[in-house]
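Dock chain B with the ligand against chain A, hints included.
Sequence lines, in order, name chains A and B.
Here numbering that gives the first Met the number 0 is used: the first residue of the first sequence is 0, the next is one more, and so on.
Here numbering that gives the first Met the number 0 is used: the first residue of the second sequence is 0, the next is one more, and so on.
There could be a bad hint or two in this list.
Stated by the list, open to error - Here are some of the chain A residues that sit facing chain B, going by a computed Cβ distance under 10 Å:
hint : residue
1    : 80
2    : 104
3    : 201
These are computed hints drawn from the structure, not numbers from a lab.
What you are looking at is a predicted structure, and each value in this text was computed from that prediction instead of being measured.
Beta carbons: idealized from backbone N, C-alpha and C, even for Gly.
If you want the building blocks of each chain, they are given just below.
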Amino acid sequence: MLLLALDTATPAVTVALHDGSAVIAESSEVDARRHGELLLPAVHRTLKEAGTELGAVTEIVVGTGPGPYTGLRVGLVTAATFGAALGVPVHGLCTLDGIAYAAGEAGLEGPFVVATDARRKEVYWARYDDARTRVTEPAVDHPADLAERVAGLPAVGAGALLYPAVFADVPPGMPEYQSAGALASLAAGKLVRGEELPPPRPLYLRRPDAKVPANYKVVTPK
Amino acid sequence: MADEPLVLGIETSCDETGVGIVRGHTLLADAVASSVDEHARFGGVVPEVASRAHLEAMVPTIQRALKEAGVAASDLDGIAVTAGPGLAGALLVGVSAAKAYAYALGKPLYGVNHLASHICVDQLEHGPLPEPTMALLVSGGHSSLLLAPDITADVRPLGSTIDDAAGEAFDKIARVLNLGFPGGPVIDRIAREGNPDAIAFPRGLTGPRDAAYDFSFSGLKTAVARWIEAKRAAGEEVPVADVSASFQEAVVDVLTRKAVRACKDEGVEHLMIGGGVAANSRLRAMAERRCEDAGITLRVPRPKLCTDNGAMVAALGAEMVARGRSASAWDLSADSSLPVTDPHVPDPDADGDADGHPHSHTHSHDHVHELSRKNLYA
Ligand SMILES: [Zn+2]
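In isolation and in its complexed conformation, chain A is listed as follows:
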């Protein structure tokens, strides 16, 4: 297996290659405004570091968010197009699951909460019993509105760091953003065990901002 993992749902543009037993190369850069520019060069660097080329990839996994949409779509459309060009399967995994997995690798035991920045003073979040077991659907909320549901639980991710009043316990040394290495390890483990991965569909969680215009405005002066 040569698994290519990408995720652009958090400020990190992150790419990794996994050979079925370990991550063999990874490239991550944090720049929330340049996902479109940074992703392809990061893929190229990662392949070079591993001494291979894209044609050798046998599976692709992409973080499906939730995340700010414009950046999120860069990873999803890149993964889908690679898959079509190479004729290899493209899988999706919830971005929060990747961060939870990385938290587990960093030594956090459950239960805990993962929260990322959803902008507009909201967080994307989910609860985990342990690093591999998510127990709530990913959601988007104002931090204050979920204070009761996350009270007493340690929390990881940039969303938790942003709102210390709600996420009081953020253990040190935990991941802030997504790492494609963690996403790849999680996905490779599932694939090796024969588990089915979700399709690469975006988790937007919000409707598009679009208002049906109010009735036509009269221009004749009163």
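Relative to the frame of chain A, chain B with the ligand by itself:
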């Protein structure tokens, strides 16, 4: 000819996901997935709705185009994509897809200008573009007069709208008349039953001291709305066909008058009209008559090639390949305000191959055209 460049083009600047394939000046496929129905109830294109639809439609539309063209992806000589101008989030989906596709296939990537693509598409209909060509681009997003001595390297803006685009004016008047969205096709149809001289609506920016090649449709829009409101206030029935015809006449009169004048002033013998409004039957008829009177050859592609599509991007990409223009870099940006003077976005670092880009051409011809302005062709 088999040695003409085979190029796939991707267009996602607004609400159409377009993928076209051309060989030189020959159209092989023009696949379009439109999200227009999803925008109709909002009375205009909603950027986030468009971007979501582009993501869904991207791969299926590429595959449909390849099937339609009957070519293998491995035979392509390059991948072209609209790098701008357009809706930022929408452009980014196409640019990301084009990069991934080009990289996976080991082909050069050409980020090209949407407006230059609207002009270049005419090569698929009427053969090589005369140099220079004057272009009138009119759609819901643009109203521009452009002079193109070389569509791959030298496109000069002569004028553009200072407020609404021509297509926007159609949409707004259709809304005042409760005719739905988009407004262009329905007004065109209803106007055929009306009298274009029934109401004398104003012609914007046509005074002796106004900018000769700029357009303004905002005053016209307000004048039409007031006229309709006055009728309604008086309890009279609004003559929808006459209003449509007279409004359309005002738009088309200004567009064609200024385009023909620009050709005469610049000594250009060929006028092409592109963009969605080029499908308007009255615009076509009036442009034909006025061009004939002025001894100008008019070129208007068929309506499907005038609206946003991938074939136009492929057409410009093929011209870039044919003329040996440099490919774009893998960190190409989607640029919502890409200037019309940049027909494409070459790799600024085209000599270095460190980024692994498969350069197939040198860039030594990129800047051969001097930008000396006046009377080049007079
Ligand atoms: Zn257009």
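Against chain B, run the beta carbon of residue 201 (chain A) and see if the smallest gap drops under 10 Å. holds, 7 Å
So, residue 104 (chain A) near chain B? Judge it on the closest CB pair being under 10 Å. At 29 Å from the nearest chain B Cβ, residue 104 (chain A) fails the 10 Å test, so the hint is violated.
Status of the hint placing residue 80 (chain A) at chain B (closest C-beta pair under 10 Å): holds, 4 Å
The structure fails to meet hint 2 from the earlier list, while all remaining hints are met.
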